[in-house]
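Colleague: Below, each chain spelled out in residue letters.
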Amino acid sequence: MTTWTIDGVREALAAKKVSARELAADFYKRIAERNPELNAYLMLSEERAYAQADRIDALVASGKPLPELAGVPIAIKDVISTKSVRTTCGSKILEHYVPPYDATAVERLEAAGAVILGKTNCDEFAMGSSNENSAYGPVRNPEATDRVPGGSSGGSAAAVAAGLAVASLGTDTGGSIRQPGSFCGIPAMMGSYGRVSRYGLIAFASSLDRIGPFATNARDVAATLKVIAGRDSNDSTSTTAPVPDYVTAMERPVKGMRVGIPKEYFGEGMDDGVRKKIEAGIELLKKMGCQLQEIHMAHTDYAIATYYIIATAEASSNLARYDGVRYGLRVDDSSLLAMYCKTRGAGFGAEVKRRIVLGTYVLSAGYYDAYYLKGQKVRALIAQDFRDAFTKVDVIVTPTSPVPAFKLGERTADPLQMYLADIYTVTGSLAGVPGMSVPCGKICGKLPVGLQIFGPAFGEASVLQLAHAFEQAGGASL
Amino acid sequence: MKISREDVERVAELAYLDLTEAELESYRQQIDDILEYIGKLDELDTTNVAPMAQVLADDQTADATLREDVVVPCRVTPEILEQAPDPEPPYFRVPKVIER
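Same order as they appear, the protein sequences are chains A and B. Taking the working numbering, I'd label the letters of the first sequence as residues 7 to 484. Taking the working numbering, I'd label the letters of the second sequence as residues 16 to 115.
With a straight-line cut-off of 20 Å between C-alpha atoms, the simulated SDA-like cross-links for lysine to any residue are:
id, chain 1, residue 1, chain 2, residue 2
1, A, K348, A, L335
2, B, K17, A, Y374
3, A, K383, A, A371
4, A, K348, B, R108
5, B, K111, A, A344
6, B, K17, B, G54
7, A, K261, A, E289
8, A, K383, B, T61
9, A, K35, A, R54
10, B, K17, B, E51
11, A, K98, B, P100
12, B, K17, B, L39
13, B, K17, B, Q45
14, A, K348, B, A37
15, A, K89, B, Q98
16, B, K17, A, D375
17, B, K55, A, E274
18, A, K348, B, L29
19, A, K89, B, P100
20, B, K55, A, L369
21, B, K55, A, A386
Restraint ranges, calculated between C-beta atoms of paired labels, are given here:
id, chain 1, residue 1, chain 2, residue 2, range
22, B, P102, A, A376, 39 to 49 Å
23, B, Q98, A, L426, 33 to 43 Å
24, A, G451, B, D84, 58 to 68 Å
Note that these hints are calculated values from the structure, not bench results. For clarity, every value in this text was computed on a predicted model and none was experimentally measured. Note that CB positions come from ideal geometry on N, CA and C, so glycine has one too.
The whole structure should be built from the sequences, with the hints applied where relevant.
Modeller: Below, the structure is given as structure tokens:
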């Protein structure tokens, strides 16, 4: 099976070795073979994909220059709106929902020539760390099919890792891009808050949600991010900060780059296999000429508690929109109030309801100061830790997850244990900084480990630069 | 115990969420564990810390958050109503709210 890259696709199209239609058909064939086992795709958008492929093939025939992502087969997480293509958020409450418009990120991908193959499975409303909270069944990890792919963007990670898409979009609220990237052994990136428009991303926690790419190599992550990044007048939190050419910027040498290693990310609870691989990764960074520095990020230990106050509070508010009136499921009743309660009770899954209850509680009269306000204050301290660190170093390196992919069902009984799987990723989410997971070897040659790289706000280029150099130096096969 | 069964019932009511008996009890226990864990934030003195109500730095928000207040037509009413469980164009129909 050919592993396609973005440049590889464009070159093959230009040289007429393959047509965009043939390539899309080949990916649909792969999906037909492998998806019944993996459950990575929930929905295929063949009509739309072939229409786009034909447009690209017409461009090739006319001899006009091909756009950046010409003919590249891409998968989209099912919390991101796609016009006329059913978008369920992995939830029963949106089982039959067909968005009337495209998310800006999707629109930009297609404008750059990408072929949208379909929608990928995820935890319901992106709430989860294993993809087991999807109403449409779990996804299996292509690297070890008895294990989870991570979550919540498990389908987007598995699709790319299994060769069922060249790149994909996921969303990250507390680690939902980086952790599945780590579990499935592929690079995965969350840009800075404000870097990519959230227009059309169905909201979970608005101050934390971010769209970002998965691909098989850092270069393709950079190329995809470049296309989707930048100001969008439909999202007032998207910034006008210029979008650098990440693909060119990432080629800069990393010799002398100041890399901070926060000791708070190497405490108890880390799997020994993960620890060994990350230590080997850090050794490699040293050999590459990076200047390593031990740093302190004093409030790291408070990040999970802070995150689960803020994320659930925002979720309880965002998910109030599912009321059986404007879209989605309605469970009938003669009283409006009972209709609301029954619809929401029947339409949401267990984890979503748990978070709505927790989020409503931390915002409710008498508890707001003790929980929500306290959380917002600690969030400020965590963000300050990052700002302080970036006065001394260019990037920060940590493990992405304390554990490798775990077995299906292993952690579902205890929500708190599941939350703790996000211990190294939620910090960057709260601070708004960019973070990326890059492959850092496999435990016993089987279970992938991810190395996480954080950069300062809008410092994506430095993160990608180190990710690319690490990959070139053989980081994935440590 | 941080949260009682009555608290969970009250919050579910605020959130317009029907919960079964089994859900009420398991959520109470699980949320109690989570709140117990969240209690560790009390170790930090945050008296003089300003809450973080905005992710972007000030210099990134100035032009991002403000725009001219102009009316732009949005002609998607039929598509939007198509998604409603009980539409009566151009309205959404709901169960009767006001009793005579």
